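Could you build all of it, start to finish, from the sequences and the hints given here?
What follows is the residue order along each chain.
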Amino acid sequence: MATLELSNLHAKVAEDGGEQILDGVDLEVGSGEIHALMGPNGSGKSTTAKVIAGHPAYEVTDGEVNLHLDGDEFEDLEVDEADLHWNLLDLEPNERAALGIFLGFQYPAEIEGVTMVNFLRTALNAKLDERAELFEDEDEDAEADEDDAGYETSPMEGPVDEGEVGVEEFQAILSEKMEQLDMDESFANRYLNAGFSGGEKKQNEVLQAAILEPEIAVLDEIDSGLDIDRLQDVSNGIEALRDEQGTGVLQITHYQRILDYVEPDHVHVMLDGQIVKSGGPELAEKLEDRGYDWVRDEVYEAA
Amino acid sequence: MSSDDLQDTNTEARFEFKKEQKAAEVAEKGLTEETVRMISEDKDEPEWMLERRLKALNVYQEMPMPTDWPGQPDLSDVNVGEILPYIRPDIETRGGEDDWDDLPDEIQDTFDKLGIPEAEKKALSGVGAQYESEVVYQNMKEEWEDKGVVFMNMDKAVQEHPEIVREYFMTRAVPPTDNKFAALHGAVWSGGSFVYVPEGVTVQMPIQAYFRMNSEGMGQFEHTLIVAEENSEVHYIEGCSAPQYATHNLHSGGVEVFVKEGAHVQYSTVQNWSKNTYNLNTKRAIVESDGRMEWISGSMGSKATMLYPSSVLQGPGASDNHITIAFAGEGQNIDTGAKVYHNAPDTKSTIESKSISKDGGRTNYRGLVHMGTNAAGASTSVECDALMFDNESTSDTMPYMEIRESDVDVAHEATVGKIGDEDVFYLQSRGLDDDDAKQMIVAGFIEPITEELPIEYAVELNRLIELEMEGSLG
Chain A
1 MATLELSNLH AKVAEDGGEQ ILDGVDLEVG SGEIHALMGP NGSGKSTTAK VIAGHPAYEV
61 TDGEVNLHLD GDEFEDLEVD EADLHWNLLD LEPNERAALG IFLGFQYPAE IEGVTMVNFL
121 RTALNAKLDE RAELFEDEDE DAEADEDDAG YETSPMEGPV DEGEVGVEEF QAILSEKMEQ
181 LDMDESFANR YLNAGFSGGE KKQNEVLQAA ILEPEIAVLD EIDSGLDIDR LQDVSNGIEA
241 LRDEQGTGVL QITHYQRILD YVEPDHVHVM LDGQIVKSGG PELAEKLEDR GYDWVRDEVY
301 EAA
Chain B
1 MSSDDLQDTN TEARFEFKKE QKAAEVAEKG LTEETVRMIS EDKDEPEWML ERRLKALNVY
61 QEMPMPTDWP GQPDLSDVNV GEILPYIRPD IETRGGEDDW DDLPDEIQDT FDKLGIPEAE
121 KKALSGVGAQ YESEVVYQNM KEEWEDKGVV FMNMDKAVQE HPEIVREYFM TRAVPPTDNK
181 FAALHGAVWS GGSFVYVPEG VTVQMPIQAY FRMNSEGMGQ FEHTLIVAEE NSEVHYIEGC
241 SAPQYATHNL HSGGVEVFVK EGAHVQYSTV QNWSKNTYNL NTKRAIVESD GRMEWISGSM
301 GSKATMLYPS SVLQGPGASD NHITIAFAGE GQNIDTGAKV YHNAPDTKST IESKSISKDG
361 GRTNYRGLVH MGTNAAGAST SVECDALMFD NESTSDTMPY MEIRESDVDV AHEATVGKIG
421 DEDVFYLQSR GLDDDDAKQM IVAGFIEPIT EELPIEYAVE LNRLIELEME GSLG
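Quick note, the sequences are listed as chains A and B, same order.
For the first sequence, our numbering begins at 1 and goes up steadily by one.
For the second sequence, our numbering begins at 1 and goes up steadily by one.
Simulated from the structure, these hints should not be mistaken for lab results.
Given the structure is predicted, the values throughout are model-derived calculations rather than measurements.
You may find that some hints are simply not true.
[Stated by the list, open to error] Calculated cross-link-like contacts (lysine-lysine; reagent style DSBU-like; alpha-carbon spacing at most 35 Å):
no., chain 1, residue 1, chain 2, residue 2
1, B, 418, A, 177
2, B, 303, B, 348
3, B, 418, B, 303
4, A, 12, A, 277
5, A, 12, B, 348
6, B, 275, B, 156
And the structure:
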């Protein structure tokens with residue numbers, strides 16, 4: 001179990017005179033919950049996602065992003081009570097990933113020459129490694145560094161790190177997850193997102209979440225550019241994240257459409273860098289029918 | 001004793017050293033007719049080879065240094081007068097601990113970081129013999145010999161296969177008149193590999209020029225001659241990804257490849273020179289009808305490299321494929337590319353060039369594609385991609401196209417990019433740290449070359465680049 005908590009989050013574009021985009025966002029997403037974050041273009045939805053993940057293009061000017069973990073999950077690591085609460089803003093993007101934050105990109109990078117299988121195994125091992133490091137005491141840290149200093153054997157055999165997921169073991173995990181998502185086997189040996197269709201890229205983001213097993217997945221417009229079949233596959237994938245891994249999902253979307261497949265527990269409306277209205281699934285339907293103007297009217301009348 | 005020590009010793013002391021050690025013939029500094037005669041005599045060469053050396057020396061003395069190419073590396077520090085052109089290492093005294101300890105620290109560190117065991121390190125650096133490899137090599141050698149394949153040291157080939165060497169050596173592919181450094185090479189060349197594959201023979205395993213590093217030692221002016229007769233096939237791998245240490249500062253090798261009708265030759269090399277080396281080589285293949293030549297090269301290290309492997313497509317249907325990769329770090333200028341001459345109809349070439357520059361390093365792609373008047377139906381495709389780490393690094397693309405025939409298909413594409421922040425962030429968001437993310441992007445960038453290499457070379461190439469990127473190589 002984990003809870004992601006944004007409080008009074010302010011952020012601007014990280015350059016001199018950069019535009020202020022987030023203007024006090026408050027939000028709490030817990031494991032096993034699905035939250036939909038909706039709002040018109042430019043309201044700050046994608047920025048919220050990127051700030052959670054630690055994108056260097058944004059500078060946090062005020063507020064906090066905290067992740068609270070549940071001790072039960074860390075029995076194997078004997079984590080101190082004090083290590084269960086993390087201020088994500090102090091951490092590098094990869095450290096956030098290691099703690100269980102996953103960002104599904106609207107426009108994922110295309111990396112030529114890096115096969116999916118190689119990338120995903122590297123990512124999984126990096127995450128396990130970093131996670132161990134984050135929860136280890138300093139002595140063990142030093143030991144880990146020593147282990148890392150070089151190959152003990154010839155480079156052909158590769159580094160011998162304990163607890164690493166091997167090639168064969170990983171292949172099995174990958175095949176299983178791809179089957180669940182109805183992805184073609186050939187995906188494994190294609191280059192990361194290179195030449196993928198829009199739909200394939202989105203499917204790939206969900207696949208990565210399924211493999212990395214995050215506590216909280218922030219999915220940025222995972223539904224854009226999907227045909228109806230693919231939307232179904234992606235939605236099934238998201239439900240599996242919640243049902244099988246207990247992942248909490250923050251789903252950023254423009255449209256009601258995906259919410260027909262993955263019913264959210266909570267719906268939030270974002271306007272001008274703030275969450276101005278929250279409700280249940282019925283709120284999304286109302287937005288679908290009536291657009292965002294009525295929300296704007298309501299907010300400004302209230303103000 | 002390293003050659004630096006030799007250079008520093010005065011003339012008298014050097015003679016004494018020679019008398020005492022009887023270990024090596026040491027030529028006078030600089031380059032005179034006497035030096036060339038001494039080299040030839042020491043190798044007990046036939047008269048015709050001496051004549052070729054002297055002719056080359058003449059050409060060398062008359063040719064000006066290349067200075068006016070746009071953006072070419074600065075060669076003003078290359079002082080051939082100060083270079084000791086020839087040291088014959090004595091086999092008896094090589095391979096001892098002392099030699100290993102004489103290697104520059106950065107080279108020793110590199111081997112350590114590559115995780116190569118001590119014995120292997122010595123073999124790779126030329127200071128020790130790797131006996132197990134020797135056995136494997138011996139077995140393979142017998143298998144080749146049964147099929148008439150010849151693979152031996154170039155010096156030895158002059159003695160044992162004079163008829164073949166005399167026909168091909170610096171006559172048609174790389175004549176001394178090609179450029180000043182080819183001429184220099186012709187005058188003082190030493191060591192290298194000779195490969196002869198008879199008609200119709202396919203050599204299944206890649207031939208690796210590994211053995212000669214633990215026998216004669218690598219010359220700074222080594223010559224490689226490959227003759228592949230009709231319908232034969234061979235994959236030759238030169239050097240290895242372990243660092244080539246040059247204690248003197250000029251390497252000027254020569255490679256000549258003859259691809260006969262229907263034959264297929266792949267020449268692969270991954271080289272990493274020490275950072276005070278000028279690496280100025282000439283490599284050329286003559287490809288006859290339906291022959292296929294493939295050049296795969298990785299250039300790392302050196303202060304400056306000028307290297308443009310070239311293919312002359314002489315017969316109809318001949319084809320050429322180039323894959324090159326260059327990595328330039330701080331203070332380095334890697335000027336490399338490819339040349340292809342389409343001198344017959346329906347010839348085909350592809351050039352893929354990848355370069356990476358970092359910390360103010362400079363890479364140039366310099367290429368020439370020539371379509372002759374009789375090259376109807378020929379096609380070429382040139383693709384250059386440059387990846388830069390920062391705003392201090394530079395990369396230039398200079399593709400020259402000489403088109404003398406209208407019925408040809410010419411495509412050129414160049415991309416230059418910085419390592420994308422979005423790409424790095426994407427990988428970081430998946431758990432890779434900043435360094436690992438960049439490393440993965442670079443590994444992907446060079447993947448076209450690594451996938452062509454045998455796995456151990458690919459692994460070492462990746463590891464070397466990783467070390468370069470950490471800035472942990474000297």
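Checked hints:
Proposed proximity of residue 418 of chain B and residue 177 of chain A is supported: the alpha carbons are some 34 Å apart, at most 35 Å. For a cut-off of 35 Å, the pair hint linking residue 303 of chain B to residue 348 of chain B stands: about 34 Å separates their Cα positions. For the hint pairing residue 418 of chain B with residue 303 of chain B, the CA-to-CA distance comes to about 23 Å; that is within 35 Å, so the pair holds. A threshold of 35 Å between alpha carbons decides the hint, and for residue 12 of chain A with residue 277 of chain A the separation of about 22 Å falls inside it, so the pair holds.
At roughly 54 Å between alpha-carbon atoms, residue 12 of chain A and residue 348 of chain B are farther apart than 35 Å, so this suggested pair is violated. Simply put, residue 275 of chain B and residue 156 of chain B have alpha-carbon atoms about 31 Å apart, close enough for the 35 Å limit, and the pair holds.
Hint 5 alone, counting from the list given before, is not met by this structure.
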